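Novice: The residues making up each chain are set out below.
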Amino acid sequence: MEYLIHLAILFSIYAILGVGLNLVVGYTGLLSVTHAAFYGIGAYATAILSTVYDLNFFVTMLVGVVISGVVSLLIGLVLSRFDGDYYALAALGFNIIVYSIFLNWQSVTRGPLGIPGIDRPDFVSANWAFLIMSALFLIAIYYLAQYLGKSSFGRVLKAIREDERAIQVFGYQTHYYKLMIFVIGAMMAAVAGSIFAAYITFIDPSTFTLNESIFLLAIIILGGLANNKGAILGALFLILLPEMLRFVGFPTDIAAQMRQVVYGLLLVFLMLYRPQGLMGEYEL
Amino acid sequence: MPTAVKIVVAVVVIILVGMAISAIQKKEVISGQPLRVGVLLPLTGKFSNLGEDLKNALLMASSDINKNGQKVQLTFEDSAADPKVAVLGAAKLLDANSVQLIIGGTGSSANLAVAPIMEMRKTPFFPLSATSKLNSAGTYTRKLLPDMDGEASKIAAYAFAQGARKVAILYDTSSDTHVIGKDVFSTVFSGLGGTITLVQGYDSKTTADFRSVLTRVKDVGPDAIYALAIEKVGGPLVKQARELGLTQPLYGFSALESDEFFNGSGLAAEGVVITAQPFSCDGAVAMQKYCLAFKASYPGRQPLLYGAVGYDLLFALALASEKYSPDFSKIIDEYKNNPSVYNLNGTPQLDAHGNVRTVDFTMRIVRDAKFVELK
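Protein chains in written order, with this note's numbering: chain X, 4 to 287; chain E, 382 to 756.
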């Protein structure tokens, strides 16, 4: 049962990440590949503040969310002036910058040595209790995202996705909306980062690379853009699928490699027959 | 919800139920039953060649051990040297396969993420890692490779003894072992009276061309260069250094000792000096026998240190299990008293807890595209 609980915890973390990213990419149409950076900021905030200053987990999470918000505001001020491929390119650059800071600011982050011994809150020291906590965070973030998506704010985001110039004609300052949703998405990612740090109890920069941002994009594309349930389903699929393949009886010599091949083929198959994603409303 | 989605969700739920049923079935330890060993190692990703070496060696060991009736049963899972994949792999081994202990492959971040789980589950964990953070990872973790400190200290003293007074250090910024090596080398070399003229990092994940880094080294004109690199990276690095006209002595560490290093460096590696761990196919009789058996079982593959250590460990555990099964705590205590059967990596020196802290490092030099002992 512990294995299933571990899976469920990781799923809830990635579902939070997916829902947050979906607001930026799915609803607003901004091809952001910076999400792993904010995920990392949340994780490092919890790791550093709990190991060095012995602060309460929720305080560290709050600090991580605030730092992530401020950093995303600064990055977003630059990014909101771009669109399309230029936005993606600039976002890619920022992810690399933040990763480099995690790796090289060794006096704070310990660089590649990572930060071990991150404490969990006492009341969730058991995995099942931790699962309940992360599930509650997922539910809260999901409903927040649903509320934002269905509100007038959400309608403006969708309009930006469909035709930004058209909505600008009606007087909407679209770069403010883009900035706001980018910051909200980043803060949600920081929540996931804090939970991840407390769960794994050891973090290092290798988790928060560009590859992780691309994996998060895959979650929401597979699940379906602009659909929060789809983001959750995408996380379920992409976290569970490689684990299900562990139980397939491939020969020992090639098992690990075959799992990767099958995993890739299944994703390609899904995209061929359902390019809008499992529950998507539109294609990229 | 579209029909396709409902089908997908239904399949997922069915499989989850199946996994849950499988995971719940616990196996009790009965005297005479084989020792169930989980092996969590990188079969894909950055360290996959080292993972393959360990896997092959463990399969060979289990075949040799089980010749007279099964005494060990191995189950392999991929860690991909990634913390979250490793954590799930460990959980699966513990729950679905009911392993009694886990051997971990290379990849310190994956091993550090798994160690707390093993503590919670009170299950022994033997990671093949050199990172010193694992020495304090918990009562159930027993690190199998010596700390990097010993190698870095030894080569620093050697470089100074050879007359180097100014050294440039190159290291992989994404490797904690290299960061420790850089720091220890700097401290020891400076303590002897030398000067570190340049500390230059590179990222092995993104760098294959070291010329810009090496140009900076050339500018400072050191007496010697300490290049912390694994074999895949070290080969091209050494070759490019020589092509740029860097003729200074080049020092490295045990991770270079592989045919892969020579594939990348060619003849440019002549004269490179490294610290090495005792394992060598030209070493003691037991090491030579192991290498011959490995090459016979896996033609075309070079036996590496990691596999040798894993092979030795499995024999030690199997012997202990034969003696004390089903009293598992006695098996682990016996391991601490007799951690090595064939001493394939020399006689390991353990701390009070059972972590390997150091071995008798040697020095080796490249002669004719081969590492030989440096007398």
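Among these hints, one or two may not hold up.
Residues from chain X that keep clear of chain E, each with C-beta distances beyond 12 Å, as calculated [said to hold, decoys possible]:
1. 8
2. 34
3. 65
4. 76
5. 83
6. 109
7. 124
8. 138
9. 172
10. 215
11. 246
Partial list, derived from the structure: chain E residues whose beta carbon lies under 8 Å from chain X [what the hints assert, rightly or not]:
12. 424
13. 451
14. 454
15. 457
16. 468
17. 490
18. 560
19. 749
FYI, nobody ran anything at the bench for these hints, they're computed from the structure. Values in this document were obtained by computation on a predicted structure and should not be read as measured data. Ideal placement from N, C-alpha and C gives every residue a C-beta, glycine not left out.
Novice: Next, verify each hint and record whether it holds.
Specialist: Against the structure, the hints:
1. Remark: the non-interface label on residue 8 (chain X) conflicts with the geometry, its nearest Cβ contact in chain E lying 8 Å away (cut-off 12 Å).
2. The beta carbon of residue 34 (chain X) sits about 22 Å from the closest Cβ of chain E, which is more than 12 Å, so the claim that it is off the interface holds.
3. Residue placement check: residue 65 (chain X) keeps its beta carbon more than 12 Å from all beta carbons of chain E (closest about 24 Å).
4. The Cβ of residue 76 (chain X) lies farther than 12 Å from every Cβ of chain E, with a closest approach of about 28 Å, so its non-interface assignment holds.
5. Interface exclusion of residue 83 (chain X) from chain E stands, the closest Cβ pair being 28 Å apart, more than 12 Å.
6. Once the 12 Å rule is applied to beta carbons, residue 109 (chain X) is inconsistent with being away from chain E; the minimum gap is 8 Å.
7. With a closest Cβ-Cβ approach of about 15 Å to chain E, residue 124 (chain X) is found to remain outside the 12 Å limit, as its non-interface label requires.
8. Against chain E, the non-interface label of residue 138 (chain X) holds: every CB pair exceeds 12 Å, the least being about 16 Å.
9. With a least CB separation of 35 Å from chain E, residue 172 (chain X) remains clear of the 12 Å interface cut-off, as annotated.
10. At roughly 10 Å, the least C-beta separation between residue 215 (chain X) and chain E is not larger than 12 Å, which violates its mark as non-interface.
11. The non-interface label for residue 246 (chain X) is inconsistent with chain E: the shortest C-beta to C-beta separation is roughly 6 Å, within 12 Å.
12. Below 8 Å, beta-carbon pairs count as interface contacts, and residue 424 (chain E) has one with chain X at about 3 Å; its hint therefore holds.
13. The restraint placing residue 451 (chain E) at the interface with chain X is violated, with a minimum CB-CB distance near 16 Å, outside the 8 Å limit.
14. For the restraint placing residue 454 (chain E) at the interface with chain X, the shortest Cβ-Cβ distance is roughly 13 Å, beyond the 8 Å limit, so the hint is violated.
15. The interface hint given for residue 457 (chain E) holds, since its Cβ lies 6 Å from the closest Cβ of chain X, which is under the 8 Å cut-off.
16. About 6 Å separates the beta-carbon of residue 468 (chain E) from the nearest beta-carbon of chain X, less than 8 Å, and the hint is met.
17. Of the supplied interface hints, the one on residue 490 (chain E) holds, with its beta-carbon coming within about 5 Å of a beta-carbon of chain X, less than 8 Å.
18. Satisfaction of the interface hint for residue 560 (chain E) is found here, the shortest Cβ-Cβ separation to chain X being roughly 6 Å, below the 8 Å cut-off.
19. With its C-beta approaching chain X no nearer than about 34 Å, residue 749 (chain E) sits outside the 8 Å limit, and its interface hint is violated.
Checked against the numbered hints listed earlier, the structure breaks hints 1, 6, 10, 11, 13, 14 and 19; every other hint is satisfied.
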